[in-house]
Amino acid sequence: LAGHAQRRGIALTVTPFLIAQIVLTLCVFVALLSSAAVMVYVERKVAARLQQRFGPYRVGPRGLFQPFADVLKLMFKEELRPGAADPLLFALAPVIAATAAFAAFAVVPFGADTTLFGLLKEPLRLQVADVNVAVLVIFAIASMSVYGIVLAGWSSNSKYSLLGGLRASAQMISYELSYGLALASVLLMANSLSLADIVNGQAGSWFGFIPRWFVFVQPLGFLIYMIAGIAETNRAPFDFPEAEQELVAGYHTEYSSMSFAMFFLAEYINMVTVSAVATDLFLGGWHGPLLPESLGWIWFLLKVSAILFFYVWMRWTLPRFRYDQLMGFGWKVLLPLAVVNLLATAAGVLYFGI
Amino acid sequence: LGSETALFYLFGTAAVVASLLVIGQRNPIYSVLLLIASFGALSGLYVLLDAPFVAVVQIIVYAGAIMVLFLFVVMLLNAPHEDTEYDEQSAGRGIGVRGAIVTRPGPRRFGAALAVALVVELVWTLRRSASAGETAIGGDAVSSVRALGRSLFTDYGLAFEVTSVLILVAMVGAVTLARRERVAPRIGGPSGPAAGRSGGVSILPGVGGGGASTPPGAE
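Residue numbers (our numbering), protein chains in the order written: chain C, 1 to 354; chain P, 1001 to 1219.
Hints in this document: simulated from the structure, not taken from any laboratory.
Please note: incorrect hints may appear among the correct ones.
Said to hold, decoys possible - If you anchor each label on the Cβ, the simulated ranges turn out as follows:
1) P:L1076 / C:L50: 32 to 42 Å
2) C:M327 / P:L1158: 29 to 39 Å
3) C:F68 / P:L1076: 52 to 62 Å
4) P:R1128 / C:L295: 51 to 61 Å
5) C:L295 / P:L1177: 52 to 62 Å
6) P:S1003 / C:P87: 27 to 37 Å
By construction, the Cβ of each residue, glycine as well, lies at the ideal position given by its N, Cα and C atoms.
Excised from the complex, chain C in its bound form (with noise of 0.2 Å):
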């Protein structure tokens, strides 16, 4: 019994690692959410440039105010719920699927092991849950935040609503497979299922100018998870729940005000963590030319960033699949091709044991 108080006495002594932690986390959050407004700023900067136009340039110099204004809009406007709704789920459905894109991110490390310039003792490592199963937790908050979809859907008691949960469903079951097996060829590569392993199984290049990283060892496999990705996040083309032009606003489309916010969130927070496990997983991670290891984080930033713009690209260059080539392209296409790609893998892993 001593030695139990004594262990919860140590867990419970503040220690500058501790107030370490809980700042890192703090940051993450608030990360998170300003990635969000910038996301929501450069996705319609881009857009407008696609189509020859300026975007939003009024608020602030060129419109970089426009995200605050359009969070103070959302706040400012009554939240409604449809009288027929169900009244617990329909508050629910959107808290869940806040939560489960934030709660992702929470295994993604995004920096090597850093003692803040000597500042602390022992380092600390740019995750916030150190977890060694980091890959299949990632996997396991993607296959939950679909609930806050499907429950919207079905909760808002509304016709396009139902149609929208019942795509996400059927959508998000379908990718998920490709999506893991795309995961599991990394895994057989980096034989860890943790991600600060995996980015650190990637450090280094071949030749000397080619960077170990997986995606040239797996080219097919980053193709699948980027893919794959796109899909789980409902982004176009492959934005199905949400077909603005056949169901209204798909699940959301009796939301108002902050629950509206919550999902948009939710939305951009998602393609923040999709990007964020495609650099650790395939472009090395915080690894990268010039910049020290302390630095790291700027490479993991960039590359984030330039997946980011890949998204928002896609979204306004390609159309909307129709839904059963969406379907058809993830059964028929997707999944045989991921599963020969795992096949493949394990079987270069086993013949020249990588």
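Using the hints, position chain P against chain C.
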């Protein structure tokens, strides 16, 4: 009370209460959600048992994939609320399809027998495990994914493969049941797809539309 024990009771209570509420709901959507909550609590118990892999797989497979399908089906069929009072009333008057199912004695007795058997099994297992003390499985075999995979494909290889065959059989069965019958109109022959149903039946002598009314020995 250690924090681990407290967490055990927290997750255990949550799992039991959620599971009980699953069968107490009249709205199938709430049943599905409570079952997910129960799975979440179970996954917490796995974490306490130092089996993070099993915990995460529990979430991915059950809560993430299977329950989404459940929810999909419930939403697609738009299953009505199970109205118990209506059932009882209609059963008393002897009308209503659902009332008839409820009062049918055979399935009811079978269900009761199954429930009793389950309780007996549970008590037996609990008594047995209490006397046997700590079981052999544990430690590295559960916590490490590598060890888990190895034991799954060597020690339990047969069970693993048999399970996969079982799932394959179930899948083939489901596809066969769900398959649309496209052969019938073609059997009808030259009468075309519009006459599909009667044409398909008329191939069998004596079963066709007019066969029953015509006396067998009229010719």
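Outcome for the supplied range 52 to 62 Å, where the beta carbon pair is F68 of chain C and L1076 of chain P:
41 Å, violated
Holds or violated: the 27 to 37 Å window for the beta-carbon distance between S1003 of chain P and P87 of chain C?
36 Å, holds
Given a hint of 29 to 39 Å, does the C-beta separation of M327 of chain C and L1158 of chain P actually sit inside it?
The hinted range 29 to 39 Å holds for M327 of chain C and L1158 of chain P, with Cβ atoms some 36 Å apart.
For the hint 52 to 62 Å, verify it against the beta carbon of L295 of chain C and that of L1177 of chain P.
Given range 52 to 62 Å: holds, Cβ gap about 60 Å.
I want to verify a distance hint. Is the separation of the beta carbons of R1128 of chain P and L295 of chain C within 51 to 61 Å?
Since the Cβ atoms of R1128 of chain P and L295 of chain C sit about 60 Å apart, the hinted range of 51 to 61 Å holds.
Beta-carbon spacing of L1076 of chain P to L50 of chain C - inside the hinted bounds 32 to 42 Å or not
Check passed, 37 Å falls within 32 to 42 Å.
When held up to the earlier numbered hints, the structure conflicts with hint 3 and nothing else.
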